[in-house]
Structures are given as structure tokens and as C-alpha cells.
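*Asks:* If you want the building blocks of each chain, they are given just below.
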Amino acid sequence: MTQTDISYKKSGTDAIIAALMALVVFGPIMGIVLNGYQFKLSFDRVFVIVAIVFVGRFLMSTFFQTHRGKMMAFRYTNNNDGVTVLPPNHKSQMVWIIPLVMVIGLLVPFIASKYVLTIVILGLIYVLLGLGLNIVVGLAGLLDLGFVGFYAIGAYGLALGYNHLGLGFWSMLPIAAILAACAGAILGFPVLRMHGDYLAIVTLGFGEIIRLVLTNWQSFTHGPNGITAPAPTLFGLEFKRRSAHGETFHEFFNVPYDSAHKYMFVYLVLFVVVWAVLFIKHRLVKMPIGRAWEALREDEIACRSLGLNHVLVKLSAFMMGAAIAGIAGVFFATYQGFINPTSFTFFESALILAIVVLGGMGSTVGVVIAAFCLTVLPELLREVAQYRILLFGILMVVMMIWKPRGLVRVTRRGFARKEGVVK
Amino acid sequence: MSNATLRKTLLSIAVAGAATLAQADVNIGVAGPFTGANAAFGKQLWEGAKKAAADINAAGGIDGEKINLIKADDACEPKQALSVANRLVDSDDVVAVVGHFCSSSSIPASNVYADAGVLMVNPASTSPILTDRGLPNVFRVCGRDDQQGDVAASYIVDTLKAKRVAIINDKTTYGKGLADAMKKTLNGYGVKEVMYEGLTRGEKDFNALVTKIRSVNADLVYFGGLHSEAGPLVRQLRDQGSKAIFMSGDGIVSDEFVTVAGGAKYVNGVYMTFGANPTSYPAGKAVVKEFRDSGYEPEGYTLYAYTAMQVVAESLAKTNLDPVEAATWLHSHSVNTVMGKKTFDKKGDLTVSDYVMYKWDDKGKYHQLD
Amino acid sequence: MDIVLQQLVNGLTLGSVYGLIAIGYTMVYGIIGMINFAHGDVYMVSAYLTAIAIALLTFFGVQSFPFILIGTLIFTIIVTGAYGWVIERVAYRPLRNSSRLSVLISAIGMSLILQNYVQLSQGPNQQGVPTLLSGAIRFHVGDGFVQITYMKILILLIAFAGMGVLTYIIQKTKLGRMCRATQQDRKMASILGIDTDKVISSVFVIGSSMAALAGVLVTLDYGSFDFYIGFIMGIKAFTAAVLGGIGSLPGAMLGGIILGLSESLFAGLISSDYKDVFSFSLLVLILIIRPSGLLGKPAVEKV
Chain B
1 MTQTDISYKK SGTDAIIAAL MALVVFGPIM GIVLNGYQFK LSFDRVFVIV AIVFVGRFLM
61 STFFQTHRGK MMAFRYTNNN DGVTVLPPNH KSQMVWIIPL VMVIGLLVPF IASKYVLTIV
121 ILGLIYVLLG LGLNIVVGLA GLLDLGFVGF YAIGAYGLAL GYNHLGLGFW SMLPIAAILA
181 ACAGAILGFP VLRMHGDYLA IVTLGFGEII RLVLTNWQSF THGPNGITAP APTLFGLEFK
241 RRSAHGETFH EFFNVPYDSA HKYMFVYLVL FVVVWAVLFI KHRLVKMPIG RAWEALREDE
301 IACRSLGLNH VLVKLSAFMM GAAIAGIAGV FFATYQGFIN PTSFTFFESA LILAIVVLGG
361 MGSTVGVVIA AFCLTVLPEL LREVAQYRIL LFGILMVVMM IWKPRGLVRV TRRGFARKEG
421 VVK
Chain A
1 MSNATLRKTL LSIAVAGAAT LAQADVNIGV AGPFTGANAA FGKQLWEGAK KAAADINAAG
61 GIDGEKINLI KADDACEPKQ ALSVANRLVD SDDVVAVVGH FCSSSSIPAS NVYADAGVLM
121 VNPASTSPIL TDRGLPNVFR VCGRDDQQGD VAASYIVDTL KAKRVAIIND KTTYGKGLAD
181 AMKKTLNGYG VKEVMYEGLT RGEKDFNALV TKIRSVNADL VYFGGLHSEA GPLVRQLRDQ
241 GSKAIFMSGD GIVSDEFVTV AGGAKYVNGV YMTFGANPTS YPAGKAVVKE FRDSGYEPEG
301 YTLYAYTAMQ VVAESLAKTN LDPVEAATWL HSHSVNTVMG KKTFDKKGDL TVSDYVMYKW
361 DDKGKYHQLD
Chain U
1 MDIVLQQLVN GLTLGSVYGL IAIGYTMVYG IIGMINFAHG DVYMVSAYLT AIAIALLTFF
61 GVQSFPFILI GTLIFTIIVT GAYGWVIERV AYRPLRNSSR LSVLISAIGM SLILQNYVQL
121 SQGPNQQGVP TLLSGAIRFH VGDGFVQITY MKILILLIAF AGMGVLTYII QKTKLGRMCR
181 ATQQDRKMAS ILGIDTDKVI SSVFVIGSSM AALAGVLVTL DYGSFDFYIG FIMGIKAFTA
241 AVLGGIGSLP GAMLGGIILG LSESLFAGLI SSDYKDVFSF SLLVLILIIR PSGLLGKPAV
301 EKV
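Residue numbers (the UniProt record's numbering), protein chains in the order written: chain B, 1 to 423; chain A, 1 to 370; chain U, 1 to 303.
Certain hints may be false.
As the list claims (entries may be wrong) - Quick list of in silico lysine-lysine cross-link-like pairs, DSS-like style, CA-CA up to 25 Å:
(1) A:K363 <-> A:K285
(2) B:K9 <-> U:K198
(3) A:K359 <-> A:K289
(4) A:K163 <-> A:K318
(5) A:K346 <-> A:K318
(6) A:K192 <-> A:K163
(7) A:K243 <-> A:K363
(8) A:K285 <-> A:K341
(9) B:K10 <-> U:K198
(10) A:K161 <-> A:K265
(11) A:K285 <-> A:K50
(12) U:K174 <-> U:K198
(13) A:K79 <-> B:K262
(14) B:K40 <-> A:K365
(15) A:K363 <-> B:K40
(16) A:K318 <-> A:K184
(17) A:K265 <-> A:K285
(18) A:K365 <-> A:K289
(19) A:K289 <-> B:K40
(20) B:K70 <-> U:K174
(21) B:K10 <-> B:K70
What the hints assert, rightly or not - From chain B, some residues computed to sit far from chain U (all C-beta separations above 12 Å):
(22) M21
(23) Y37
(24) L59
(25) T248
(26) G290
Think of the hints as simulated: they come from the structure by calculation, not from any bench. The structure displayed is predicted, hence computed values, not measured ones. Positions of the beta carbon are idealized from the N, C-alpha and C atoms, including for glycine.
From just these sequences and the hints, can you work out the full model?
*Replies:* Shown next, in the form of C-alpha cells:
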């Protein structure tokens, strides 16, 4: 390793092979554009992309022959260590960060524009979803591709409860959570016998079934036409310009009507709920049930031999996750004011899963960061309108290759006997 | 000072100094699906709106101010529609929006525009819900599903004299709305449909459905949906030896319908409802020619978007660029557009439905029936 | 009676297409244990390639259907195979030692990339191919009839021929033996001198080729496609693969045909609105009774 020989011949061959492959792959699709039953040629862009591939591959190949490149490749193939365990008496240097985030979070609605506020609300909804799925996938190790189903149950719970039973935001918030948890239990029972990827497809099927029923059960859900959802109320005060029953928020406080008030209120409630969920999750992980989830993920057989009731443990994870998704759904419906089944497609499940994996499986902070990244990113990319989703996809792949274990590693405090405890 | 008053003040300053100062542009949003499965329609809206804005700007703009178009992609997802609507209103300070395409996007977005007092002129969403909620700022230059259903149903009953009608929809807000309207009017005429079912958007195999249509002996198939599904459907119908008449709405108005159906022989004899031919108006003819000269075929909703932009420009010009007043103005005045004179009713719908029947011929072209 | 028979024909052709695409899922899953979500989009790419090949061939004056079919098949299978190879090389190989979920996310990203890349290159329009082979056989049954187009018969023939060739490759050739060895124990196989990376690459190429076969047949039959068709087809084919027992080749074909038949029969006899609900419920039901699918090997639990 003392001397680095760079063989430009090797780089050259690599680059030529890559360029030829690029020509085969990009040539027909980019070079020959269908136009009815005829075609038009546009080979200029093929040459551009082939040239980019050639140069890129050449530089990459050369770089990995240098000393630094080799070091990088070596580190890359060996970065598969798992959880970082901190020393028992570890004191975090970041204690100030939680109050800081709280204060900033509370200030957001009063300084941000309505557009920014709506994005932040959406981000928080995805934080909730990510946290919910994190329990199922990250902690309990159950791959769930139909998580959007519970989200839909929450959202439609609010809309349908309002339209059919006259229930409002506040009463539906706990009911939706319970409903979603029950759905989780119903799905959970048959599913628990199955292994990893069979579970994935069954849950995927479950998510699709929910969406299809919502689409097709016209008389109940209004099908693809969608259904309106109520705005939240503050002690009975509505956030509307005019109200059919009673006073509205702006009349009561005698302020001019501003549609941003509704979003501010939704944001503040959501903010509190997210903190509550964060706190509950933080505690649960340290409780026996949380330990059981993780233990079951690591080795199911060992757990069963030790007398853990694996059905109960898995089911509780499923139901917890589902309940959180249900709550997220209620917020989504009230934020949007109108929902229809197109918001609950498989792509949504994939996005939530991407949040969990990208954030680092089981890591709470990672999920929060990833949720914001994945909701804010598409909005930032609006500038490049048509390349938006393409770049989003590329980033997903690149991020996974760059950090396959997610942005934030899971850390855990080590255990030691406390001083002064009777041995 | 709220945004609206601030804008008004700034505008009056701008108008006062109009003779000498450089102009502040007027921002108008064009919202639609520029990515995703409906991107083809988004392109139609954009091309139409772009051309209209260019033409208006070339003629001196609105009150001397140039139109600055802002493209907003909603991918036909309600979630994204809401967020682009807020963005248009908040960050881009638009006074008016031409869009959206899908009814399911237009409906939630219209609430945002109503709250912000932004004028919304919709070129393509035909769902009755859009205007039935009585928002003061919402207009559309296309028809409503129920109007379309009326025209088609009376044609089925009076002219085609079909007795056994199968109604198929694609389970989208648009397709379902159209199919429901058809069902309702048809039942009003005393004809009960023999079949009412949905197919899944994005699939291409409808053989099972086609066999079922055959089994109920339908003599007419009415499809509420877009050409992407109508093409394979009509082809598979013919491949299985069914001779039922095929009829659909304005969702199949695209030359691609012929391409996806597998050739002109499959679309021969297909009926559809669509707005009266815009080339029959002198102004429309010129615009269509200009489009074609520039190498773009103005199909489907292109001219609707053009018309919508003209309505926006005209109403803003008449009211000093105040969108709220422009909405009030539109309720009581009519606008001359490339698609003829447009007058709006209380809800913001066109007073005159301009839907007529069209029929596709064996060369893959559609013609207006008298 | 004629209607039921017609639905059986519909289901069988649809099912054989599902089966061909399911092979890609099942082989990849068998060998590296990942769900290749981009596979449906590889099928979509092959539909575009089919149309391009047909447009090129007719441009150069090839008129006879057999030549067009063979030319299109060769072109599409080669280029789609290249796609399979490149996707594996770029998006999955760097993640060989990472958790399966990372690969899954990478695959979802890849699926988005393919869809949007094709949309940007070819435009968002609906595309189609001209009808090259028309005509049908009609059987009279009772007072009704069953009509089968020549294209449908061709689909069945080619699909089963493709399956036969694949079975031969896997069972009898050296490559097939290496594939099976790698599937059983990748580490052991590499110790015994098998270049497992190459084997995995070739599995991707084979899977993509089968998807290309399906792409050519479906495109010729339905005549239309867009950049979005891969998604639904992918989910259906994946369901078929799981139904038959993921990892098992005959299982993929069987699962495809069961799925196709159940969809057609349910849509035709009961309701086309709920046909997908029915297929997914059927899947759940089968998995409850047989947790490893119809022909899958039960997972052995170490104790």
C-alpha cells in the first residue's frame, strides 16, 4: 500500500465497457422517440449521456486505484457494525438540543408563511407515520408494505365519522387510533405465522384492499369523488370564514379572518402529539415490551424458548404502529379538508418505508430527519419541475449506497450496576 | 397590512407610474399534472396557456403589464395540489390560476384560492362538485359532467335508439362522474342500464370485462374515462367479436386514442361528446393554424387552457388587476375567446353547454355531427 | 357456458403473462432474497423497446409478421437484458452486504428512476403499436361463441416455449447448476469456485429477458402502453410469485395462471370492481393455509 500504481489502461477499459453498455441501454430509449407508429431520432442526447458515463467511469476507476480510493472502498465494505453502545455513564453533549427544537418548533407557525407551514405540517405527519412504522419494521422487524392502510383508516375515520355520525376532530382522534389498532390486530393474527417477505406481500395486499374498498364502496365512502373532512375546533370554535353553528375563531377573538389560523392550530396540536409519541416511544423502548420487540427481531426462536409470547409481542408492535398511523391519518384529513383514495396508494407506503430505512432502522432522530428530508425535498425540487421525481429516485438509490444503514446510527446506553445498590 | 391590500397598493403605485417605470409583471399560475400518469394532459394545458400568455403579452399584456406564467405540478394528487396551491398563493403571489386538470385536485385547491381571493379559471375539471359548493372565485370554461351526460344520453335514446346500454367507468373522479351523470339521465329517459361497472386505471387487460359486456348482450357501451383505457377497451371489444356501439366523453379527445387502440379500424364508428369545434370560430381557426405552424397539434384541452387564460386576462384587465373584483365582474359579463363568447352563471359554470356529438371515422379523425 | 369458456381463455393468457414476469421476481428472490421492485418497470421498458423495434423494422421495409416478431424479440430481449444487468450492477451490487431493506429501498428508487427516465425520454404520451396480426378463431358453443385471436394463441405458445427453454437452462446447463448452487448456499458456492457475482448478474439478465418476452407479447396483443404500466403489472406478478411459492420457477408460472384465472372469473361472473380485492384475499387465504406458497419449500427453522 506504500506505492500506488495507477493503471490508466484499466481505467480506460472500464470506461469503454461502461460507455458501450450505456450506448446499448440509453441508445434506443433516448435516441429513438416514438411518434405515433413512426419515430424521430434524437441521438445528440444519447452522445451526451454516453460521454458523461465514459468520463464518470474513467474518473471513478482511476480514483479507486489511488491510495485514498482504496481506503474508501475498504472502509465501505467493512462498515457493517450494528448498534453503537455508549458507556454506561455517558452524558450526552446534546442535552440543549431538545429544548431548542421545542422552542423553534413552537415559533414556526408565527413566523413562517402559510406555504412553509403547510409543508412543515406535512413533514410532521410523515414524522408520525415514520415513527409508527419504525416500531413495526425498525424495532419488531416485521416488514410492512401496507402501512398506508392504517393511515387511510385514520383519515377516512375522521371524514366518515363526521359525515355519517357527526363526530368532530377531537372525538375522532382517539377513536381513529383505536380503529386502526383493531385493524392492525385483525391483520396481525393471520400474518404472524408468516415469514419475512410473505408478510410483506400480505400487508401490501391489505393496503391495496383498503384502498380498493374505499374506491368501490360508493354509497359509504363516496368512492373516487372523495369526501370532505372537518377542520379542528378550539373549544367549539371553528376555523372558518362563516360558521353554520355558533361562533368562529376569528369572530370570538375579534381578529380578521385568515385561513392560516387553521393551519397554525393544526400545526400546534400536531406538534404536541408528535412530542407525546416521541416520548412514549422513547420510554417503551426501555420497557420490557420494547426489549421484547427487539429481541424477537434478532432471534425469534431464542425468544420463544425463553418463554416470550411471540404472538402477543408482535401483535402489540403491529397495533402500536397502526394506532400512530391512524392518528397521522386524522391529521392528514383535517389538514387537507378533502380526501380521496388516490392519497393512499402503495407509493405512500414505499415512501414511509424509505423514511424508516433512510433514517436508520430503529433510530428516532433519524426518522424525524428523514421524514423532513423526504417531504421537503420534492418541494425544493419544484424548481426543476419535470426532473423532480427522477432526482428523487436517484437520491434514494445514492443515499442507500452511500449510507446503507441510514443517516443516524442507533445508539444505546450500556448497562452497569448502579453504585450503592444492594448486590 | 394583509397581502391582498399590500398588493393592491403596490399595484396602484405601479399603475400610476405606468407611463415611465418598468412594469411589474402579473403572476398567473398554471397548475396541472406535469409529471405522473396524466402528464400528457398537463402538457396540453401548459402549451395552451403559454401560447395565450405569449399572444396577450405581444398585444401589450394586461393593462400594459406582462403575464408571467408559473408552472405548478400537482401530479393529479390532492396532497400535492394543496401544497402547490398554497405555494402559488403564498410564495409566487399569483392573482389568478389556470388549472387544475383532475377534478380531485381542483376541488381541494379551489378552497385555498377562495381563501386567498385568487381567481381560478378551470379549463378541464368537469366534476359538478367543483362549482356546486358556491365558491365565488371559481369558474370553468369546460362543461360539466351532467351536461355531457345529457347530450350523450339524449343522443343514445333519440338517434341511436339503443336499448341495452352498458356503462363502464375508470373509477376516477372524472370517469365516475361522467358515468354517474349518464346513468342518471338515461334512467330519466326510462332506459335502465344493463351493466354498470368499473375498470382499474393503468391496467390494459379488460378481456374479462369485455366478455361480461358480451354476456349481457349490450348494444351500446358508454365509457367514462380517458383514452388510455378506452383504446384497449374498444380494441378488446372488437377482438372478441362484439359489435356494440362505443361511446365516451371528452376524455378520449386525442389522436393518441387511435394509436392506443391499435389503428384507425378499431376507432371507426366511436362516438364521443366534446365542445363544439373551436376551428369553427374565426379567432379559433387562426390560433389553431399558428399552433400547427409551430409544430404542435392543439388537441384536447390545449384550446381550453388558451380560453381560460383569455378569460383571466380579460377580467383582470377590466378590474385593475383585482382578482376578487374580476370574479364579480365575470359573473355579470361575457368574454370573447377563441372558443366563442363565454358567459358564466352564478356558480361559475358556462351558461351554454357547448357539448356536441362527434364520431370517429375509418381514417382515425373525428368529425362533429350535425 | 360460452361465457365461462371465454373467461377461462382470458384468464389463461393473462395468467401466462403474469407468470413470465413473476419468474423475474422469483429468481431474484431465490438467489439474493430481495424483492426487486424495479422489475415491473423493466417490463415497461421492454414494451417501449418493442414499439421502437417495430417502428424501426417497418421503416426499413420489413413487412412479414414472422420476421418482425423474431426481430423484435431478439432486439428487445438483448436490450432489456442489458437493462437488467446494469440495474443490478449500479443499484444492487454495492448493497450486497447490507440489510435487505436497504436493497428494497434502492429498488423502489430504481423503479422511480426508470419510470421518469422513460417519461422524460419518450414523452408522457400514451404509445401504441399497429395491429400486425389480426384475425381470430371462433368456436360455437351452444348458441353463443368463444372467440380467440391468433395473437392470444401465440402468447400461450411463446410463453410456454419460453418457460420450457428456461427450465432446460436451469436444470441441464452449467449456468443453471451454478444458479442452483448459488441459490442454496451463496458462500459455499463461492468457496467452490463459482463466481457468484456473475451468477447473480446472469439471473438478473434471465429475469429481465423473461419480462421482455412478456413485454413483446403483451404489447403486440393490447397494442398500447405508457410509462406507468410497470407498476400494476409488477404488483400482480409479484403476487403471482408469492402465491406459487417465491423462489420456485414452476410455482411462478402456476401462481400466474391461478391469479389470471381467478381475476378473469371473478370479474366476469361477479364484479370487476372487486376483482383485485378478491385476488389479494385469495393470496392471504392461501398463505394462511400454506405459509410458503403453493410450491414453495417450507422455510426450515433452526432450533
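*Asks:* Which hint numbers doesn't this structure obey?
*Replies:* 4, 16, 17, 20, 22, 23
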